[in-house]
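Residues per chain are reported as follows:
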Amino acid sequence: MSAGGNTLVPVSRSELLRRLRRHLPPDAVVEDRESQRPFECDALTLYRELPLLVVLPETVDQVQTILRECHALGVPVVARGSGTGLCAGSMPHPEGVLLGLSRLDRILEIDPLARTARVQPGVSNLAISGAAAAHGLYYAPDPSSQIACSIGGNVAENSGGVHCLKYGLTVHNLLSLELLTVEGERLTVGTQGLESPGYDLLALLTGSEGLLGIVVEATVRLLPCPETAQVVMAGFGSVSAAGDAVGAVIAAGIIPAGLEMMDRLAIQAAEDFAGAGYPRDAAALLLCEVDGTREEVAEHSERVAALFRELGATSVAVSRDEAERALLWKGRKSAFPAVGRLAPDYYCMDGTIPRGQVSRVLGEISRLSGEYGLAVANVFHAGDGNLHPLILYDASDPGQVRKAEAFGARILELSVAVGGCITGEHGVGLEKLQQMPSQFTEAELLQLEEIKYAFDPRLTLNPGKGVPILRRCQEYRALPARHRHE
Amino acid sequence: MNDRTEALVEAVVSARREGRPLYISAGGSKRNLAGRDCTATPLDVSTHTGVVDYHPGELVVTARAGTPLAELEKILEQHGQALPCEPPGFDGRATIGGTLACNLSGPARPWAGSVRDLVLGVQLINGRGELLNFGGQVMKNVAGYDVSRLQAGALGTLGILTRISLKVLPRPEQSLSLAYDLALPEALVTMNRRAGEPAPLAGACWVAGRLYLRLAGSPGAVAHTAGRWGGERLGDDAAVWASLRELTHPFFDGPEPLWRFSVNPTAPMAGEWGPMLVDWCGAQRWLRGAQDPARLQAAATQAGGHVCLFRGGDRSGEVRQPADPVSRRLQLRLKQAFDPDGILNPGRLYSWL
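Chains as they are written, first to last, in this note's numbering: chain A, -19 to 466; chain B, 6 to 358.
Check the hints yourself; a few may be wrong.
What the hints assert, rightly or not - One side of the interface only, derived from the structure: several residues of chain A facing chain B at Cβ under 7 Å:
{"no.": "1", "residue": "Y179"}
{"no.": "2", "residue": "L245"}
{"no.": "3", "residue": "D252"}
What the hints assert, rightly or not - Listing some non-contacts, in silico: residues in chain A with all C-beta distances to chain B over 10 Å:
{"no.": "4", "residue": "D7"}
{"no.": "5", "residue": "E11"}
{"no.": "6", "residue": "L26"}
{"no.": "7", "residue": "E75"}
{"no.": "8", "residue": "R95"}
{"no.": "9", "residue": "E137"}
{"no.": "10", "residue": "V151"}
{"no.": "11", "residue": "C205"}
{"no.": "12", "residue": "V298"}
{"no.": "13", "residue": "R335"}
{"no.": "14", "residue": "R382"}
{"no.": "15", "residue": "G404"}
Bear in mind the hints are in silico, worked out from the structure with no lab data behind them. Keep in mind it's a predicted model, so treat the numbers as computed, not measured. Note that CB positions come from ideal geometry on N, CA and C, so glycine has one too.
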């Protein structure tokens, strides 16, 4: 029947409730529909679903018990951190338990000499840097939701941010994880050193979207806070000129801490919102941050500004102090909500492309924008090639929703066609499942499926997300039908 | 002519049909390193060579797995770039495939990452003889599981690597090394304290009573930090780093067993161990001589890591610390997911894998 060899027993909601209540405090089980509402979706609100139950454990032992009970009953488990994800990766399963890990929110240890932080999965990304600051250290990956997003969710999605080119993704800044398997067994993955003894399960688990196990603790690397940082801002008359300038910075041997590009609509929206002093008439804007020691930053910001001028920048400004630097970033960091004011809703895409293709890709997106009759603003992590087109639409108009989804799918397919991928940092989740075959062959998808089976033979961890299940899909589809509800 | 992909796929298909396991080899530089002895039929991938794609402006290079590191590095050098993880070239015999399979890195590892951290995508042949691509040629890619990084350190037991895309970086503008006479306990504290300062640190090792620190980056930053940190200046071509990278330092001479500890960089590991060399800011410690594996493993666990019989000694037994039962079960299932008949490098990583 199932790959695990155990036949699933039909389970009622009341039986599941009875079993979980034995182990959990009363307020850790959310059963009424209204209280479950806040958990029905992540930040991609297009996709919503209510689970059988929401559980909010406070200890690792409780998580372990929940997993054991769900495993015994064959009940799907969907893990959720802060719910800031953008791919419906933590959208609940209608027949399953939504495992909210937000109450596991303790920073367990900061080791300033070894430069590590040991934290529970519900700790927010920014809280780690906050706790490390007293030692002159910080946690480098900084997704734009860093105030709220949890480290557990960062591990699940392999989150990036604006500083990836220089400081890497989550996978580069992790040392070890405490993992619970679908059976509820505990395992330490990784070490306090730098090498894994056997297979690099740490790499495999990072970005696995809660499909392979549940992270109940993470040890992350901390870096020394740079002595100083400076932002060089430049406006350009065309996207291609800005793209060339990005290439020139890299060719000059400078690896900026952050290198961001915005197109005209994004510039104007951000400037209206933040008043950061962006050139409203520019077709493209670059923000290039250099960090390091004072000498290094002075050398590099001067060279970057000179390069931008040589390459035809219509305006160049260099931040003179921390306040100016913060203001220049404020515009960029508020670009999403700023664009959000232009239309009732926006749909944020996440393809990655080779940097050199940016001009071609933005040209094609502009053409598609006309074809679908929906405006689009582009925000681009130019340093690492991660493009975030924001498609403007009205969610109350079903026709526009369909158009936005179709437009988004075309953008992802375009990303693959130019040598990139369908998701740089937001994950596949439910949202991009249909685009997986545009990036992978059937044999590749089957290989990914085999990996899933290796960790979760009965497919109960976050089922229906991340990796399309081809081979045994009929068995999987039959699974929910075996459950009975009141 | 250098593309042997089809022949390699055919070799796996027939090996599987005949139930004949394969031992993947190219330059042979790591035959007696890192893993256990493998007695399967050798499959030579050394003729599958060549850089197939290189865009300096994208910081990405793609090469066939049998490409010698030396050849790859020469091409990168022409554009002022390098593999920042400083993998050993082993007299020109090391290939990029073997380097990823063994995940070997040089002294820059704690700052620049390992090959595992640089790999963006791989093409591989799994044990079913299927040619598969994972990852790609872009810096960020979270579609599907990270099969590319999973190959790092898997010693070829999950697939025959055929093509690899890596992130490359500009070479540092300038470097400078500093040396200090210090006993090991003080050296460990000093190197880790320095690593917590905002400075262009790019190497920290201790050998024979000397602590060496390497600075690499913009000239101003290097000069300023060197002025602040003092010590004896060794210039930018300090031989110690190359001798760590290539294992040519006199410490590595001779046939005695060579053990590699991967531990918490600050762990004191007090006790009489025999000659030790510390690299990676304390996270990698080398030990020579006949030792009791159980005692070393207990010490490694205590220090937050593990130990490997890296070279020499009995390579027919386990060379790695035993995996706990849950980890062992997951690793076995992963192996079966890629290589259900166990024909790729059987026993190379663990006797049971």
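Status of the hints after comparison with the structure:
1. For Y179 of chain A, the interface hint holds, the least distance from its beta-carbon to any beta-carbon of chain B being 5 Å, beneath 7 Å.
2. Because the closest C-beta pair between L245 of chain A and chain B is about 23 Å apart, greater than 7 Å, the hint is violated.
3. With a cut of 7 Å, the hint placing D252 of chain A at the interface with chain B is violated, because the nearest CB-to-CB distance is about 29 Å.
4. Residue placement check: D7 of chain A keeps its beta carbon more than 10 Å from all beta carbons of chain B (closest about 31 Å).
5. Residue placement check: E11 of chain A keeps its beta carbon more than 10 Å from all beta carbons of chain B (closest about 32 Å).
6. No Cβ of chain B comes within 10 Å of the Cβ of L26 of chain A; the nearest lies about 19 Å off, and the non-interface call holds.
7. With a least CB separation of 24 Å from chain B, E75 of chain A remains clear of the 10 Å interface cut-off, as annotated.
8. Remark: the non-interface label on R95 of chain A conflicts with the geometry, its nearest Cβ contact in chain B lying 6 Å away (cut-off 10 Å).
9. Consistency note on E137 of chain A: stated as away from chain B, yet its beta-carbon is not over 10 Å from all of that chain's, at 6 Å minimum.
10. Against chain B, the non-interface label of V151 of chain A is violated: not every CB pair exceeds 10 Å, the least being about 7 Å.
11. Chain B draws C205 of chain A into its interface by the beta-carbon criterion, the shortest separation being 6 Å against a cut-off of 10 Å.
12. Non-interface call for V298 of chain A relative to chain B: holds, since the shortest CB-CB distance, roughly 17 Å, exceeds 10 Å.
13. Not every CB of chain B lies more than 10 Å from the CB of R335 of chain A, the least distance being 6 Å, so the non-interface label is violated.
14. No beta-carbon of chain B comes within 10 Å of the beta-carbon of R382 of chain A; the shortest separation is about 24 Å.
15. Not every C-beta of chain B lies more than 10 Å from that of G404 of chain A, the closest at about 4 Å, which undercuts listing it as non-interface.
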